[in-house]
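Asker: This is what each chain is made of:
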Amino acid sequence: MEDFFHLLGETWFGFLKAAGLTVQLTAVSLVIAICIGLVFAFLRISDSKLLRGIAKTYITVIRGTPLILQIMVLYFGIAKLILLTDFWAGALALAIHNGAYIAEIFRGTIQSIDRGQMEAARSLGMPYPLAMRRIILPQAFKRAIPPLGNQFIIGLKDSSLVGLLGFQELYLTSQSTAARTFLQFESYTIAGLYYLILVLFFTFLLNRLEKRMDVEKAGGRT
Amino acid sequence: MKETMVECKQLNKSFGNLHVLKDCNLTVEKSEVVVLIGASGSGKSTLLRCLNFLEMINSGAIYIDGKQIDPKKDNLNHIREHVGMVFQHFNLFPHMSVIENIIEAPVHVKKIKRDEAIADANKLLDKVGLRDKANVYPDQLSGGQKQRVAIARALAMRPSLMLFDEPTSALDPELVGEVLGVMKELAKEGMTMIVVTHEMGFAREVADRVIVMHDGKIIEEGAPKQLFANPQHERTQRFLSQIL
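Line by line, the protein sequences are chains A and B. With this note's numbering applied, the first sequence corresponds to residues 9 to 230, in that order. With this note's numbering applied, the second sequence corresponds to residues 4 to 247, in that order.
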């Protein structure tokens, strides 16, 4: 116990920096993942068989293989060809991975909106893209927040795998601390603590967002 | 002289193997109120939805305002602006307040200025008796109020034809009257209306013409008095005896 607190006090600067990198990596990858997810959700529900096929293949391959392999394939295959930094190789791998899951989340929530909504919008003369943007997506996004939050938390924790590329985020920092001090148990527990704090903070933000979307709506009530 | 608002010639529509509309012919004059009746599954809602191109016909021709509509060439969005539709389940946009529901299409489709659209919407809300509900969200309204908002929303596009697809079927009985009241007012103002309904009282009182459908075909039509008093077709007689 004494070792633990001693190590915690001694390493806080390094871990805090690493936590910052983890947050950066997660944030960048998730922003890209949301864009990928949105695009592929639309491909998945498009009228074109070809586009649907492309989306399905992407989702099947990504969901059917482990993230660690995807990171390695991207790192040793593509990243070496176009000279990505470790950060961008990792972020891109995470984005491609999470994008597949997020595409399915968006597809599900878009399709869960009652057909009558699109019909009503179209009957008013709204073109499909406008109806999608103004009527369907706002409702679908709201429904997507809980499963998206789930996926974001998974994404945050999965970013630890990018440490294997030598990127000094939380996990790799705990590993090098363990190697340096021989306090394996303490080092990894400290990293766990940082992850837990990040996830708790993120959960708090999500809950706020969910509440705010309800309040915004309730604000107009008389 | 009579002017034709809608004309359908030999409409056919199938869903897979199910032949829903069979050689339907229908002409509706300007300011006419036509009520479509028939057992469920007889094709009346499908016929209505074809007029709005929410369903695409397999064969036949649809003329609106004298012009034949080709779904492949014509801009259907533009046509739909002139054809308002009211649905059985209201289909109000739940993430928008009443006033936002009404101004949505005028502002984003017709590009009318927001202030003007709001002023217009308030007039429409007066008309349907819901001025005080402008800033309320749909989930705070009763079914009858929702449907009156839906009517106001459709009217905001200033359509020349209104389609009503069983507008009172999802309502509690005590709320039917307020919606029919608004529709009667509209009819009085000269709106061209095609109404699918089971409200025979409304048909008798408001309709210029009643059309009976059975099994995808128009089997009989006539002025309500004459049709209700003296139905010719055996199917019409059976249908009327079941619901009256």
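There could be a bad hint or two in this list.
In silico lysine-lysine, DSSO-like type, Cα no more than 27 Å apart, as pairs [claimed, not checked]: (1) B:Lys113 x B:Lys130; (2) B:Lys12 x B:Lys75; (3) B:Lys75 x A:Lys57; (4) B:Lys114 x B:Lys70; (5) B:Lys12 x B:Lys130; (6) A:Lys57 x B:Lys76.
Just so you know, the hints here were simulated from the structure itself, not pulled from any lab data.
Asker: Now, for every hint given, state plainly whether the structure supports it.
Answerer: Hints and how they fare:
1. B:Lys113 x B:Lys130: Distance ~22 Å between Lys113 (chain B) and Lys130 (chain B) Cα, so the pair holds.
2. B:Lys12 x B:Lys75: Status holds; Cα separation ~18 Å.
3. B:Lys75 x A:Lys57: 20 Å, holds
4. B:Lys114 x B:Lys70: Cα-Cα ~25 Å, so holds.
5. B:Lys12 x B:Lys130: Since the Cα atoms of Lys12 (chain B) and Lys130 (chain B) sit roughly 35 Å apart, the hinted pair is violated (cutoff 27 Å).
6. A:Lys57 x B:Lys76: Judged against 27 Å, a Cα distance of about 23 Å means the pair holds.
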